[in-house]
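Here the protein sequences line up with chains A and B, keeping their order.
Each residue of the first sequence is one higher than the one before, starting from 7 at the first, in my numbering.
Each residue of the second sequence is one higher than the one before, starting from 1037 at the first, in my numbering.
Since the hints were made in silico from the structure, they are not lab data.
Only a predicted model underlies this, so the values are computations on that prediction, with no experimental measurement involved.
We put the beta carbon where it would ideally sit given N, CA and C, even for glycine.
Hints may be right or wrong, so weigh each one.
[Unchecked claim] The calculated DSSO-like cross-link candidates involving lysine-lysine, where the alpha carbons are at most 27 Å apart (straight line), are:
| # | chain 1 | residue 1 | chain 2 | residue 2 |
| --- | --- | --- | --- | --- |
| 1 | A | K401 | B | K1115 |
| 2 | A | K191 | A | K181 |
| 3 | B | K1152 | A | K24 |
| 4 | B | K1195 | A | K317 |
[Said to hold, decoys possible] Calculated Cβ distances over 10 Å to all of chain B for the following chain A residues:
| # | residue |
| --- | --- |
| 5 | Y78 |
| 6 | F149 |
| 7 | G180 |
| 8 | G221 |
| 9 | Q269 |
| 10 | K276 |
| 11 | Q280 |
| 12 | F291 |
| 13 | L337 |
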Amino acid sequence: MFNRDRWREIFETISKNKLRTFLSGFTVALGIFIFIILFGLGNGLKNSFQEFFLDDASNAIFMYPGKTSMPYKGFKANRRIEFDNEDLEDIQTNFPLLIEYTTPRISRSGLTRYKGENNTYTTRAIAPGHQFVEKTILMKGRFINQSDLNKKAKHAVIGRLVAKDLFKNEDPLGKYIDIGSSVYKIVGVFQDDGGDREERYIYIPYTTRQLLEKGNDKVDQIIVTFPKELGHVGALALESSLKKYFKDKKSIDPQDPNGIYFQNLTDDLKQSQQFAVVLQLIVSFVGLGTLIAGIIGISNIMVFVVKERTKELGIRKALGATPRSVIQMILQESIFITAISGYFGLLFGVFVLESIGLKLEDYFIKNPFIDIGTAITATIVLIIFGAVAGYIPAKRAARIKPIVALRDE
Amino acid sequence: MIQIKNLHKSYQMGSSSLHVLKGINFNVEEGELVAIMGSSGSGKSTLLNILGMLDTAEEGDYILDDVPIKDLNETKAAKYRNKFLGFVFQSFNLINYKTALENVSLPLYYQGIPRKERQQEALDYLEKVGLKDWATHLPSELSGGQKQRVAIARALASKPKVLLADEPTGALDTTTSYEVMDLIQKINQEGKTILVVTHELDIAQMCKRIVLLKDGVIIEDKKVEQVFASSYVQ
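Given the sequences, and given the hints that come with them, work out the whole structure.
Next up, the structure:
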């Protein structure tokens, strides 16, 4: 392998047979190049998917009150169920280890004004924990905090697009806006990966909303988040114990499908994860297919190369080349060419991916990439198969009697 | 130098087999220049290929320089070829992407001789065949006679015991043929054993002994008065 003389012989052969070298090198480089591009684009598709479907926390359970449909414990059917502040506290006292954050959500729509600009936005009255439910990202200032809740402060955190609509280029922090008939001070601006709609919300403390609505203590819905370690099964168990607790507390028939509705995001997560797995399978399949096509291409070239050299190999054998040295020569040559050109195909593929990467977001391909481990593995696989593909005809050529090879004109 | 006893060889042609050599017996002493003659199909090339270990016989003994040549696998044959034999072919069989010098040094490469040394040696042999100035030329840039002289230099480079030439002048015109034969005679005079397969009588007469083959058997084996090719070459 490290015989300098043999390498020199190989370099000579390679440099004097440019077409042959180019053909086999080009096949390998192209194979790797296409593999990297397709695999990268596939990964990009996967990234877009994850962005679309996984922007909210997956470890949350949403609870909505409804109307009962069965009479129970002396209550008539068709009774409206409501959540209030006490329910929030009860969750925290009864499920202390299973719950990370509890937040109510009271959604109201209202005309919002700042100077000459106005628009209608949905205002969500929430607790600080809500930030983790929606994975809200703060751009400026802060989120609603406990002190806001305690003081029932008229503080608002607005979405990026609200700020853009109302404030244009002005800095909204510390400014005052009118929502409905009240004036709020802006304490933060947020963005959200969930899309434009998510960035047109305004968050205020739920206690403030309750104060404005005649000092009641009602909440529309309750959202709890649980530790991710619970897993899918744990999340389902938590859901059913929450259901049991509230049905009991609100005197709802355990058999009643209405009354309280639960939405457990872990179900969505499982579905989208399955979809992600399918997507991954498709990407892998495309990659594997490309790789196999590349291997077939190299095999063809290698068979052609050996066939073309039959006479030369016969001459070499007549001059004293052993079958072993013939095979070694062909293999070393093919491995050398495939390794070098595979490397270039790899570099070029990664380069192209990098340069087109950001331009394809409109086509649902985000941040296409290939991890370098996969790329190198693919290159090595191609080199190995190139060598195997070369070995078989080389072995046959080495076994041909020189007299037969010499007759080959 | 060469002892052959009762050599048989046949080729399978589909269902029938063609018996090409039907019991060949002959010996060659060191320093001989033997012409193997015969019309096409007489088995002369087959005999030479067996002598050159390019092909194997089915039956019979072959002893080369006191080494019995039998049970050859390809590796062993390759080593013997490299050590004992030099080949000159009708169609030259030079490697077309290698220069004259590289072609001549190839057998030395397979003997494992270092690059500098084998290039010097190859150059010496090229000088001997009068082509030192053509060392860096590719075969495509050489004439037929020059190609054959490069081939002869290559055959000599491995310092073989026996030089085997299969129709060495078959692809050359008369003048060039005589030039090549002149070279072969000179090499023979230096003591090299040479076997030449030919179907041309004038070429055969330039050897010291003629073996005539017909239908796979030797029908005549005689020593002849050597005609010197140099008398035709100015």
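Give me the numbers of the hints this structure contradicts, sorted from smallest to largest. Violated hints: none; all satisfied.
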